[in-house]
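Protein sequence lines correspond, in order, to chains A and B.
Per my numbering, the first sequence starts with residue 1, numbered consecutively.
Per my numbering, the second sequence starts with residue 1001, numbered consecutively.
Take these hints with a grain of salt, some might be off.
To be verified - Straight line, CA to CA, 30 Å or less: simulated DSBU-like cross-link-like pairs of lysine-lysine:
hint: 1; chain 1: A; residue 1: Lys145; chain 2: A; residue 2: Lys195
hint: 2; chain 1: A; residue 1: Lys241; chain 2: A; residue 2: Lys168
hint: 3; chain 1: B; residue 1: Lys1163; chain 2: A; residue 2: Lys145
hint: 4; chain 1: A; residue 1: Lys195; chain 2: A; residue 2: Lys168
hint: 5; chain 1: A; residue 1: Lys195; chain 2: A; residue 2: Lys138
hint: 6; chain 1: B; residue 1: Lys1150; chain 2: A; residue 2: Lys145
hint: 7; chain 1: B; residue 1: Lys1217; chain 2: B; residue 2: Lys1206
hint: 8; chain 1: A; residue 1: Lys191; chain 2: A; residue 2: Lys145
hint: 9; chain 1: B; residue 1: Lys1206; chain 2: A; residue 2: Lys168
Read the hints as simulated data drawn from the structure, not as lab findings.
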Amino acid sequence: MSELLRIDSLRVNYGRAEVLKGLSLELRPGRIFGLVGESGCGKTTLLRAVMGLLESGGRISGGRVLFEGRDLSTVSAEEMRRLRGSRMSLMFQNPGESFNPTRTIGRQFLETMRSHGSFSANEAMENISGMLQCLDLKEPERILKSYPYELSGGMLQRAALALAMILKPDLLLADEPTSALDAIVQAQAVKEMMKLRDEFGTAIVVISHSMGVVARMADQVGVMYAGRLVEYGDTGAVLSKPLHPYTRALMAAVPRLDGRWPSATDGAPPPPEHNVRGCGFAGRCQLCAAECLDRSQVLEPVEAGHLVACLRAGC
Amino acid sequence: MIPILFGVTLINFGLMYISPGDAAERTLIADGARVSAEVLEARRAELGLNRPFAVQYFHWLKNLARGDLGESYATGRPVWAVLSESLPNTVLLAGSAMLLTILISIPLGLLAAVRQNTAVDNILRAGSFMGLSMPSFVLALVLIYVFGLKLKLLPVVGGTGLKGLILPSVTLAAALTSGFVRQVRAAVLEELGRGYVLGARARGVKERYILYFNVLKNALLPIVTLIGISFGRLLGGTAVVEIIFMWPGLGRMAVEAISQRDYPVVQGYVMWMAAIFVAVNLVADISYRLLNPRVRYADEAA
């Protein structure tokens, strides 16, 4: 039982729409897992299901989420609240989602800490300054006195990272933490997340649309499509030798500097309320064969540490 | 703000100018005797009523600036004296009705929002609709019947004391509260849907902190404006309730002045209303700034 997080064929429904269709993954302490896939494939839903914060109408309809071996569906709401923030934390693409615009950043740090234990003002201040300095944020006092709109987007996102990490959780779920940032700040944010991992041993699940971010950060990569993982493995293996046609399409869509135009894939994933027989990508796949349409595919190992759900993998 | 008040004085004076019957007629006829045209003319000249509109207006404005609103046609007493008799009573009634409304509607609105679409929410919704649709005079009579006549707990009419204040305040607060509960509920629900609430929950912030220090604070912004407008309206006097409860406030005074065509008193009343609305809006804007740092910031940057 060495996994920190283990997800066992998790299914999530919003009404009749099945957004996650049986997804499994495991994450060991201190490892970084990158999650890629186009918008609407269920990445955010996965993170929210782990946190127990599905939107109203959403429910886990099958499978389990195990955190340190405990099935989170058996944990009470109050205990779940205490886990959030102190043991597992979630950060968002838009720092506006992390901060209340009408209160100072310092107050929001304090409020978070005091929700998980009693801290004297001095003690809290020490912790917060330490965390901000660890992220190379200068002038922690000024930042704490500021309102969110008084900081630049990049500063605010780093403050949001500090806030998510203030109680040194074992697991950080980061939902496109770098998408709203320019390239330089993005690189900085990636460096900082990795530094936090090295310093506190935090395991991270990071969603990103940037293959570069995933390649830099992640130990393992999962490619999601229409509520399923279609390819899963060590970062080097998956990104250098993508086997699933969807992974290849994603990689081909990355803009390049050598003048070649990125190639787009036509169509969109099947809507979650459709119960697709066979492979969900079949309709957009150039390699699609007759058997792809009536057999659903499961992740199968192709080589050590590299799994693909495709009948025609590597063709 | 100042231009608004000037506009009000112009319209106020203009309406008085074009309305039938002038001060000369009113004061002489009020004495009861029929008077000849010459006497009337002489009196008009004496009062300066035959001068051009602009001259009269500026004369009136000058007096207004000194707090001189003229004299009541009906009693001959200075208008200011008439107003200042009713004013404290109206302020007292408006204040207690507003306080009651705030104390009841904010907790109930919050409760309705947090328990959205549950039995509690539905009961509060039904209550609000009843309160909104019941005319205040009906409620007033019901209250008088129950607490005055049956239970004999409170005086049936009047008395400006604390006991006499209860029933009119409750009557006024009932209608206001019904509207306020809906507004508070809507504002709180809107705030609960914002990203920062999810963010706070994702950090395990206690629901209590989220609700009281974050959501409620932000939801109060639109409510402050609403409180301002409602309070302004109450300060204008509430004729129906004041008359039913024999409460000697501004509303009752205004109705009496209108029915007696006592224009100077009506004019004074209108000026008071305008001043109150301007002042209340100013106070609401200021408190809005205090509550919302972004407004503060935008102003400083400008």
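Outcome of the hint check:
no., hint, in the structure
1, A:Lys145 with A:Lys195, "holds (26 Å)"
2, A:Lys241 with A:Lys168, "violated (35 Å)"
3, B:Lys1163 with A:Lys145, "violated (49 Å)"
4, A:Lys195 with A:Lys168, "holds (13 Å)"
5, A:Lys195 with A:Lys138, "holds (17 Å)"
6, B:Lys1150 with A:Lys145, "violated (60 Å)"
7, B:Lys1217 with B:Lys1206, "holds (16 Å)"
8, A:Lys191 with A:Lys145, "holds (26 Å)"
9, B:Lys1206 with A:Lys168, "holds (18 Å)"
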